[in-house]
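Chain Y is fixed; fit chain C onto it per the hints.
Here are the chains, one letter per residue:
Number of protein chains: 2
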Amino acid sequence: MIDIASRVYNHNWKIDPIVRSLLDIDFYKLLMAQFVLRNSPEVIVEFSVINRTNKVALTNLIDEKELREQLDNVKNLSLSRGESTWLRGNSFYGKHAMFKPDFINWLENLRLPDYHLEKRGDQYDIKFKGLWPEVMFWEVPVLSIITELRSRAILKNMARFELQILYARAMTKLWEKIEKLKCYDDIRIADFGTRRRHSFLWQDWCIQAMTEGLGKRFIGTSNCLIAMRRDLEAIGTNAHELPMIYSALSKTEKEIKEAQYDVLAKWHEEHDGNLRVILPDTYGLENFFKNSPEWLASWTGIRIDSGDLEKNAKLSINWWKQKGEDLKTKLLIFSDGLDTEKIIHLHKRFSSEIQVGFGWGTLLTNDFRGLSTNSALDPFSIVCKATSANGKATVKLSDNINKSMGPNGEIQKYKKIFELKSQIKNKLIV
Amino acid sequence: MIDIASRVYNHNWKIDPIVRSLLDIDFYKLLMAQFVLRNSPEVIVEFSVINRTNKVALTNLIDEKELREQLDNVKNLSLSRGESTWLRGNSFYGKHAMFKPDFINWLENLRLPDYHLEKRGDQYDIKFKGLWPEVMFWEVPVLSIITELRSRAILKNMARFELQILYARAMTKLWEKIEKLKCYDDIRIADFGTRRRHSFLWQDWCIQAMTEGLGKRFIGTSNCLIAMRRDLEAIGTNAHELPMIYSALSKTEKEIKEAQYDVLAKWHEEHDGNLRVILPDTYGLENFFKNSPEWLASWTGIRIDSGDLEKNAKLSINWWKQKGEDLKTKLLIFSDGLDTEKIIHLHKRFSSEIQVGFGWGTLLTNDFRGLSTNSALDPFSIVCKATSANGKATVKLSDNINKSMGPNGEIQKYKKIFELKSQIKNKLIV
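Sequences listed follow chains Y and C, in order.
The working numbering puts the first sequence at residues 21 to 450.
The working numbering puts the second sequence at residues 21 to 450.
So that you can see chain Y by itself, here it is in the shape it has in the complex (with noise of 0.2 Å):
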């Protein structure tokens, strides 16, 4: 029996559209806009689509018309009644009214502002310049919808049993990880897979898969939307973003230096508990910590995003040790480029002496490596930066020096106010 009103409906559509609605983002950017429409609400920012994989060549794989429609129909989208009642309604990391009523009235007003789309080389030039607690909900979707056209380009050339086997080898590639990951009953996992995902459905279903087979292993999603819809944890806290743009605002080298420690200072009245998440990858873990205010180690976790992991988890520990912090309080959250194997060899390594916890994204969400011809559908590195504030150009020196990003002259004098010496250099698969 066809169903002849969905087909009617479907055909309504002028495009597919890959983000429906304003919360298929990360959490975390609710909690950071709220920070910024209350302490910074009207720095004006500029983010920037950068692609870290040069061979993926964007402008031979996506049509630009598509793209501008599905840019395009995000700047269309508001707040959904049942999304406004789920913020105001529900509690986040066990405490209601996370969000304040004047913030919700205002996403709820919130239409994202325009963009700047152009071609350069086989490369998009995007852009997105504007208030920065507007501005800042642009980098998710773009990202999602970049990664998901791409996905697109290589599928529409696929017939319809490649495409079904496709997936059936992308399930049981997921399941296999999973399958390993459930032997560590205490393993500690959330979704960080929404920006880089292979498309909205299948980091859909690979929730439900997590959800299904680690059972209280899998502690929640950071995509707000997949949240509310599956009644799960929303996962987040703080990203680079506060730090990079503090800092540009920046005065003199010392408030430079000092920038990355005030916004936590305004971030600890604003949370407690779980929510007192340090990154402090910034500019250096290390020089990080050597800097960092006393009252800063009573905060619950640190996240690990860069850099050799196993070292910074050390560095980590030893810190929170130096100050005298009980370990069995403490949570180390891994979220670098995860999969299988670096969970469980980081689980094994560190779950004993303190909590620990994994943000594994795009290698859960996106992983069809080995399951296309010429590794058409393998994730690819990009992401979407503030480039600069009031404009000045932001910087991140990153523990690895291939996320480093900014003006090469703002990099060096940042080097030397952070004292930052050495940094690794990974490959970045995603």
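Treat the hints with caution; some may be incorrect.
Claimed, not checked - Lysine-lysine pairs mimicking DSS-like chemistry, simulated, CA-CA at most 25 Å apart:
id	chain 1	residue 1	chain 2	residue 2
1	Y	200	C	236
2	C	193	Y	176
3	Y	193	C	120
What the hints assert, rightly or not - Listing some non-contacts, in silico: residues in chain Y with all C-beta distances to chain C over 12 Å:
id	residue
4	23
5	88
6	102
7	111
8	177
9	194
10	283
11	306
12	361
13	410
If you are wondering where the hints come from, they were derived from the structure by calculation, not from laboratory data.
In this text, all values refer to a predicted model and were calculated from it rather than measured experimentally.
Think of the CB as a built atom: it goes at the ideal place given N, C-alpha and C, for glycine as much as any other residue.
Using the frame of chain Y, we list chain C on its own:
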């Protein structure tokens, strides 16, 4: 959007019927039924189900009431108008009006006769007794009902995601077989997997995959219903039941020895070309050729269904050569426990000197080996055979002793008559 109509419609079924059409059978049953109706409509036969894989304890897996409901459902089936139209209007093996109007008229009125069912130890004793042209229709549906009820017994304990992964893996497994087979441009394979399929829907998927993956290398299916619905060639000619029953009806040893040739002489009057396929192993292939009449060498094909397939193929080729036949016009059809490697090996071995075809059965439509705990979904060897004709036991010797059947005394008598000295003993996977 939920299709309410479909859901309500599905609720109307008292059971989920496995066999929903009289045409969900092998094509050769129709050819043989027309033959029997013309030549021996009054013979009383008994067919019995024999599970050759004792360790699969069917009474522990399949509820007797459910089994009866499925069999009763088959008793209520009759040929639909569309099915009758297809039999009358379609061409089979390039020939129109293969089925005579009086046969189709008879078939339109056919309802399957009653069955006898009782538990014996951990197996079901299932027998069908009555007029040969009616009873013979039970063979395929009773087997596909038992194998699918057994699959359901295992599947009902699996969670939704386990099921999804199971089928993802099974699809991947079959597709890998197809990818190996498609390397051979001139290979010719038909689906013979109806009777011991995992389920109807799975067989239907396998056939779609073969169509999509193998193109012209996939020459059709023995399943009439799927051939009709998917516009494929219906494939098949005749089976052991003809020589077995005619031998049982014979009065003297001489008649027994000649019966298998007499039946082919009658077939010769009715059919030509690719429908003239010899199945020589009922009482041993080697002696079949030794004693065969001269005219038989003119037949187009020989089906190799037991024993050492390579040896029997060579014996067939040598017999044709001795008779001065042109091998390029001759066809060998292999149909015994085939899987990818065996198909490729036999294709490579013989296709340069003779036409070769493959009837790929259970390991096409039911290869769940390695996909379930304790091999619970592995295929097993179950058959439904004519065991008596007008009260006299039938005998099959075969070139594989594990495929022999009949009362022991009768087997010894037949071995003497057919001078069968050695049979190989091949483990029956399916």
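Evaluated hints:
no.	hint	in the structure
1	Y/200 <-> C/236	41 Å, violated
2	C/193 <-> Y/176	24 Å, holds
3	Y/193 <-> C/120	53 Å, violated
4	23	4 Å, violated
5	88	29 Å, holds
6	102	17 Å, holds
7	111	27 Å, holds
8	177	15 Å, holds
9	194	9 Å, violated
10	283	42 Å, holds
11	306	43 Å, holds
12	361	21 Å, holds
13	410	48 Å, holds
Checked against the numbered hints listed earlier, the structure breaks hints 1, 3, 4, 9; every other hint is satisfied.
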